[in-house]
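Given chain A, work out where chain B should sit, using these hints.
First to last, the protein sequences are chains A and B.
Under this note's numbering, the first residue of the first sequence carries the number 3, and numbering increases by one thereafter.
Under this note's numbering, the first residue of the second sequence carries the number -8, and numbering increases by one thereafter.
Think of the hints as simulated: they come from the structure by calculation, not from any bench.
Cβ atoms here follow ideal geometry from the backbone N, Cα and C, with glycine treated the same way.
Treat the hints with caution; some may be incorrect.
[Unchecked claim] Here are a few chain A residues that face chain B, going by a calculated C-beta distance under 10 Å: (1) Val6; (2) Gln8; (3) Tyr35; (4) Met43; (5) Gly44; (6) Leu45; (7) Leu47; (8) Tyr50; (9) Glu61; (10) Arg96; (11) Thr103; (12) Tyr105; (13) Phe106; (14) Glu108; (15) Gly109; (16) Trp111.
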Amino acid sequence: NAGVTQTPKFQVLKTGQSMTLQCAQDMNHNSMYWYRQDPGMGLRLIYYSASEGTTDKGEVPNGYNVSRLNKREFSLRLESAAPSQTSVYFCAHRDRGSGNTIYFGEGSWLTVV
Amino acid sequence: SQQGEEDPQALSIQEGENATMNCSYKTSINNLQWYRQNSGRGLVHLILIRSNEREKHSGRLRVTLDTSKKSSSLLITASRAADTASYFCATDSGNTPLVFGKGTRLSVIA
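Excised from the complex, chain A in its bound form (with noise of 0.2 Å):
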């Protein structure tokens, strides 16, 4: 799973609705994203931290929060989901200081009616 543990693997939401993407990584990497996947789109980042304590936005921010709660967890948050948020979420992470490879973890479906 490239150490990296994505919850939950699949949601339905109703517009409006908040939650929470919860992203675990057991590697000890400084660096933690978070891209959302469509179709005909490629990856976009939404959020990046490049280490404990700091986030930056990334492309497509809006109607996003981020929390990076310790040096493990980085979540994602949609306040008041749309229809427009209907995607996969990869949560990644990546240590500069010894590679550059990134890890993705396996997605989160997301169904925003």
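Leaving out everything else, chain B in the frame of chain A:
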């Protein structure tokens, strides 16, 4: 905005043939990486090529990089049905997150 753009968007070949995918990017990079994604799964790292390298091999994979043209190619030789997947290039420009292209969907027909 996406930095890497893969070409073609989709590719269908017979088992045993070679598959070539291309990636173009816009700005200077430190390295370029290729990832593979099986249907319904996360991306998996395949190979990394640094900006001062021109070619790299890993098993049946061969990657080239032309920084003057800002392009890279991924060649999979003697393809197998199990190579069916989407392939993404990603550019690393330093202290910024990797930027991924939209991917090439490869279908290898047995």
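For this session: Of all the hints given earlier, name the ones this structure violates by number, lowest first.
Result: No hint contradicted; all consistent.
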